[in-house]
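**Q** Could you build the full structure based on these sequences and the hints that come with them?
Here's the letter readout for the chains.
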Amino acid sequence: MDSPAANAAFAKQINIKFPLLSDMNKKMLTAYGILKGYDVQSETYQWAQRANIVIDKNGIVQHVEEGDSAVNPNNALSVCTDLHKKQSTK
Amino acid sequence: MKRIVCAALLLAALPSSALLTTSAQKTEQAAKVSLKVGDTAPDFTLLSDQWKTVKLSDFKGKKNVFLAVYVLAFTGG
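Sequence lines, in order, name chains X and C. Residue numbering for the first sequence follows the numbering used here, beginning at 1 and increasing consecutively. Residue numbering for the second sequence follows the numbering used here, beginning at 1 and increasing consecutively.
Misleading hints may appear alongside valid ones.
To be verified - Listed next, the in silico SDA-like pairs over lysine to any residue satisfying Cα-Cα at most 20 Å (straight line): (1) C:Lys60 with X:Pro19; (2) C:Lys55 with X:Thr30; (3) C:Lys36 with X:Pro19; (4) X:Lys12 with C:Val71; (5) X:Lys27 with C:Pro42; (6) C:Lys63 with X:Gly59; (7) X:Lys86 with C:Lys62.
Simulated from the structure, these hints should not be mistaken for laboratory data.
**A** Here it is as structure tokens:
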């Protein structure tokens, strides 16, 4: 898993303004079921699947997208936009 | 959109030794993301790139959260 130091270098390189988080002990990935196991010869290796998840203000999952399609964030962003509109009209 | 918080998780992949053997016998243990729409998201506490603790529950009642899980930093993946 990438360390905070590696993430800091990456964040600087791509000039992002939101936090990049490290799950060094895979606790979150395990809890969310995002880890994928690969058996290579006699060993099993695990790493994360690509995934986009939107969680609303109440802590409820509103969107889950995984695999290759999650490379594109547009679906998740449109869920965020819709959520924000709904919450603004309340 | 201003109120939307984005948090990305950058996650390293396999040791290089394993990557070199991917042409050998490899089987995938297909795992689906176990979370589903409507579930309560499990809380987590993770370290940010600024070495600050970030908890999902810190945003409860305040902001929506967009979690983007990446496989490797410095890649297009």
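**Q** Each hint should be assessed against the structure and marked as holding or not.
**A** We went through each hint and held it up to the structure:
{"no.": "1", "hint": "C:Lys60 with X:Pro19", "result": "holds (17 Å)"}
{"no.": "2", "hint": "C:Lys55 with X:Thr30", "result": "holds (16 Å)"}
{"no.": "3", "hint": "C:Lys36 with X:Pro19", "result": "violated (24 Å)"}
{"no.": "4", "hint": "X:Lys12 with C:Val71", "result": "holds (18 Å)"}
{"no.": "5", "hint": "X:Lys27 with C:Pro42", "result": "holds (11 Å)"}
{"no.": "6", "hint": "C:Lys63 with X:Gly59", "result": "holds (10 Å)"}
{"no.": "7", "hint": "X:Lys86 with C:Lys62", "result": "holds (15 Å)"}
In summary, the structure is inconsistent with hint 3 from the numbered list given earlier, while agreeing with all the others.
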